Amino acid sequence: MSLPADPAGGSHWFFRGMRGIFSLPAIILMSAFVGFCGFAVEAGVPFGETVFMTGMIWALPAKVLLVGSILAGASLPAAFITVALSSIRLMPMVAALIPEIRTEKTPTWLLLLLSHFIAITAYVFTMERIRDVPREHRVAFFAGFGITVTGANIVLVAVLYSTVSQLPAMVAGALFFLTPVYFLTSIWASTRERAGRIAMVIGLGLGPLFHQVAPEFDILYAGVVGGTLAFLADRAWKARSAS
Amino acid sequence: MIGYETYDAWWWPYLFIAVAGWLATDIWRWLGVLVGNRLKQDSAALTWVRAVATALLAAVIAKLILYPTGELRNVPVALRLTAAGIGFGAFLLAGKRIWVGIATALALLIGGQFLLA
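Chains as they are written, first to last, in UniProt numbering: chain X, 1 to 243; chain S, 1 to 117.
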């Protein structure tokens, strides 16, 4: 990535992305990480490993599942499959985000490297703001946000590890509740297309429904079936209003 | 079968986390980059991918509320659903202000527990 020399160049937008650490999404994510840290301590995961998984996995639901697998004494292949299945959702998220941030010249290796910082919060944050960033600086903006937020949460987990167990139960419960409510509102607010809003409503219903039928694949089925239904409904709607 | 506690070496849990955690998540991110690189902006394919991503996230949200982990499990499901539902309603009424939705939902969740206790 070549940084242009003008003041509003790549480094400026990288810094603007970094400032996203003070945004509502980042603050809520950090609260959720306090909740995760408490969960890891309660599960008996040692300090070094908790910090390590914060940086290496980054996606919060995958970490919760991995800790759950460790607690249940799952074998390495079983734990791998559990985490991998739950993380398939990252693929459409990344695939939807990449066309928004890349230019013709962005090298693929850079996108592969930066994709590590994509999880739900980074997705929502970036989709919400990326249209106000000049296209040639979007990768820098995303990198600034993603690297800063990941780094901040690694430090947060490391600092809180020894004291988090003193958190009152009601506060810990509220921290776990913060994440879904934040996702619910912020994804709705950042969805501009009708197809996305239909997908949201159908997904909310299909998630629990598929959980009853196929608990290991519920998220995946709900996503593919719900997303496809929403896409088709939106097309039919468009076709009708066009004719 | 090899598991988390199979070897005593200090590095083994880290290797376990790297394989079952890091590799299991990042392969999907890498595949996403390769797919996303081929998607054209404003194409029907991208609209579909976005709809799938949104439906997936919605399913995650529903599961986090209905089948939570940690302390939230001890809060009655009816209270969780009411707090999330009214919180979302408040968010819409306040002109899609996210903090209004969150503050309402959290106040109901904590207030409701005091009332039920």
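Source of the hints: derived by calculation from the structure; they are not laboratory data. This structure is a prediction, so every number in the text was calculated from the model and none was measured. Using N, Cα and C, we set each Cβ at its ideal position, and we do this for glycine too. Do not rely on the hints blindly, as some may be mistaken.
Here are the simulated lysine-lysine pairs, BS3-like style, with alpha carbons at most 30 Å apart [as the list claims (entries may be wrong)]:
hint, chain 1, residue 1, chain 2, residue 2
1, X, K105, S, K96
2, S, K40, X, K105
3, S, K40, X, K238
Computed from the model, here is a short list of chain S residues facing chain X with C-beta under 10 Å [claimed, not checked]:
hint, residue
4, Y14
5, L23
6, T25
7, L31
8, L39
9, L46
10, T54
11, I65
12, F114
13, L115
Chain X regions said to be covered by chain S (calculated; three or more residues, Cβ under 8 Å) [what the hints assert, rightly or not]:
hint, segment
14, 12-21
15, 90-101
16, 109-117
17, 133-145
18, 150-163
19, 196-206
20, 214-226
**Report entry** Proposed interface contact between S:L23 and chain X, which counts if any beta carbon pair is under 10 Å
**Finding:** holds, 7 Å
Query raised in the report: Given as covered by chain S, does the segment 12-21 of chain X meet the bar of three residues or more with CB within less than 8 Å?
Result: violated (count 0)
Requested in this report: Mind checking the CB of S:L115 against every CB in chain X and telling me if the closest is under 10 Å?
Outcome: Hint on S:L115: violated, closest Cβ of chain X at ~13 Å, above 10 Å.
Query - Satisfaction of the S:F114 interface hint, Cβ to chain X closer than 10 Å - result: Check passed: Cβ of S:F114 comes within 9 Å of chain X, closer than 10 Å.
Query raised in the report: How about S:L31: closest beta carbon in chain X under 10 Å, or not?
Result: For S:L31, the interface hint holds, since the closest Cβ of chain X sits about 5 Å away, which is under 10 Å.
**Report entry** 30 Å limit on alpha-carbon distance, applied to hinted pair S:K40 and X:K105
**Finding:** holds, 15 Å
Query - Evaluation of the interface hint that places S:T25 against chain X, nearest CB under 10 Å - result: holds, 4 Å
Query - Given hint S:K96 paired with X:K105 - CA-CA distance at most 30 Å - result: Not OK: X:K105 and S:K96 at ~36 Å, beyond 30 Å, violated.
Query raised in the report: Does S:Y14 pass the interface check with chain X, least Cβ-Cβ distance below 10 Å?
Result: Since the shortest Cβ distance to chain X is 6 Å, the answer is holds.
Query raised in the report: Within a Cα-Cα threshold of 30 Å, do S:K40 and X:K238 meet the stated pairing?
Result: holds, 20 Å
Query raised in the report: How about the segment 133-145 of chain X: do at least three of its residues have a C-beta closer than 8 Å to a C-beta of chain S?
Result: violated (count 0)
Query raised in the report: Holds or violated: is there a CB of chain X closer than 10 Å to the CB of S:L39?
Result: This hint holds: S:L39 lies near chain X, its Cβ roughly 5 Å from the closest one there, short of 10 Å.
Violation of the numbered hints given earlier is confined to hints 1, 13, 14, 17 and 18; the remaining hints are satisfied by the structure.
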